[in-house]
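Asker: Okay, here's what each chain looks like letter by letter:
2 protein chains.
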Amino acid sequence: MSEVIKTVWKGNMAFEWDVNGHKIMIDAVEAVGGENRGPQPKPFMLASLGGCTGMDVISILRKMKVSEKLDDFTVEVSGELTTEHPKHYVSMHVNYIFTAKNGEELPFEKLKKAVSLSEERYCGVSEVYRKAGIKMTSEITVK
Amino acid sequence: MSEVIKTVWKGNMAFEWDVNGHKIMIDAVEAVGGENRGPQPKPFMLASLGGCTGMDVISILRKMKVSEKLDDFTVEVSGELTTEHPKHYVSMHVNYIFTAKNGEELPFEKLKKAVSLSEERYCGVSEVYRKAGIKMTSEITVK
Numbered sequence: 000m001s002e003v004i005k006t007v008w009k010g011n012m013a014f015e016w017d018v019n020g021h022k023i024m025i026d027a028v029e030a031v032g033g034e035n036r037g038p039q040p041k042p043f044m045l046a047s048l049g050g051c052t053g054m055d056v057i058s059i060l061r062k063m064k065v066s067e068k069l070d071d072f073t074v075e076v077s078g079e080l081t082t083e084h085p086k087h088y089v090s091m092h093v094n095y096i097f098t099a100k101n102g103e104e105l106p107f108e109k110l111k112k113a114v115s116l117s118e119e120r121y122c123g124v125s126e127v128y129r130k131a132g133i134k135m136t137s138e139i140t141v142k
Numbered sequence: 000m001s002e003v004i005k006t007v008w009k010g011n012m013a014f015e016w017d018v019n020g021h022k023i024m025i026d027a028v029e030a031v032g033g034e035n036r037g038p039q040p041k042p043f044m045l046a047s048l049g050g051c052t053g054m055d056v057i058s059i060l061r062k063m064k065v066s067e068k069l070d071d072f073t074v075e076v077s078g079e080l081t082t083e084h085p086k087h088y089v090s091m092h093v094n095y096i097f098t099a100k101n102g103e104e105l106p107f108e109k110l111k112k113a114v115s116l117s118e119e120r121y122c123g124v125s126e127v128y129r130k131a132g133i134k135m136t137s138e139i140t141v142k
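Line order of the protein sequences matches chains C and Y.
For the first sequence, numbering that gives the first Met the number 0 begins at 0 and goes up steadily by one.
For the second sequence, numbering that gives the first Met the number 0 begins at 0 and goes up steadily by one.
Hints were generated in silico from the structure; no laboratory data involved.
Predicted model, so just to flag it, every value in this text is computed and none were measured.
Identical copies carry no separate label here, and so any pair may be met within one copy or between two of them.
Here are the computed lysine to any residue pairs in the SDA-like style, where the Cα-Cα straight-line distance is at most 25 Å:
#: 1; residue 1: Lys111; residue 2: Leu69
#: 2; residue 1: Lys130; residue 2: Glu83
#: 3; residue 1: Lys134; residue 2: His84
#: 4; residue 1: Lys5; residue 2: Phe72
Use the sequences and the hints to build the structure in full.
Answerer: Okay, structure coming up:
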């Protein structure tokens, strides 16, 4: 399967992405000559991971009938960059934060199972980062 | 240097990214239970590359006084996914498409130099993909 993403220059340091028909403005910050008209592109390596694994997990939890007990579900992805060029991620940590609805108890084993299935089987983003030698860690937080 | 990106569940298969204060809705397509309220997360691996190398190249071309001769600059990134889980990119191709303003001639050697500097020295996104064993190729198109 093949995909094509366009990144079109909009003057100065700004560009516009066309991702399957959804348009997003990106820009550099003022310190490097941009105007901060949109986010920077590199952190989308982390965002892509958070979105990919988040969708895997919620999809599995819906099948397990666990999603209806959730008041909130947030995936926080942090990444550590080198200081030398080319500045790239050398480690990433994913925190899966689940908040139960009032009066509901979340089944921890099922949350763990959903996260493991994403990490080991479904998430094609983390697969690439692991192959690249990025140190990948994760934790599950239940509130 | 450390960065944190949040991906917050918005019901069904939709999530909202917070990338340095810029919020973006992502979603799955209808075929897999989503409502297509936003783009999917995985193609942002390609978008991140296009944005990163596009900003490198335009930054260098501004210093070389070449950017003022440009009517348009588009970076097209295509990627080939495996069909097996975890579905991940195995090859990527970047097409740097430069269009000159009416009556201007673009200095091809300078375009080539700017692209090489990004590929070999500055782009931390392609660095990770190369390390992951993804087959990376590129071309320069002048219009």
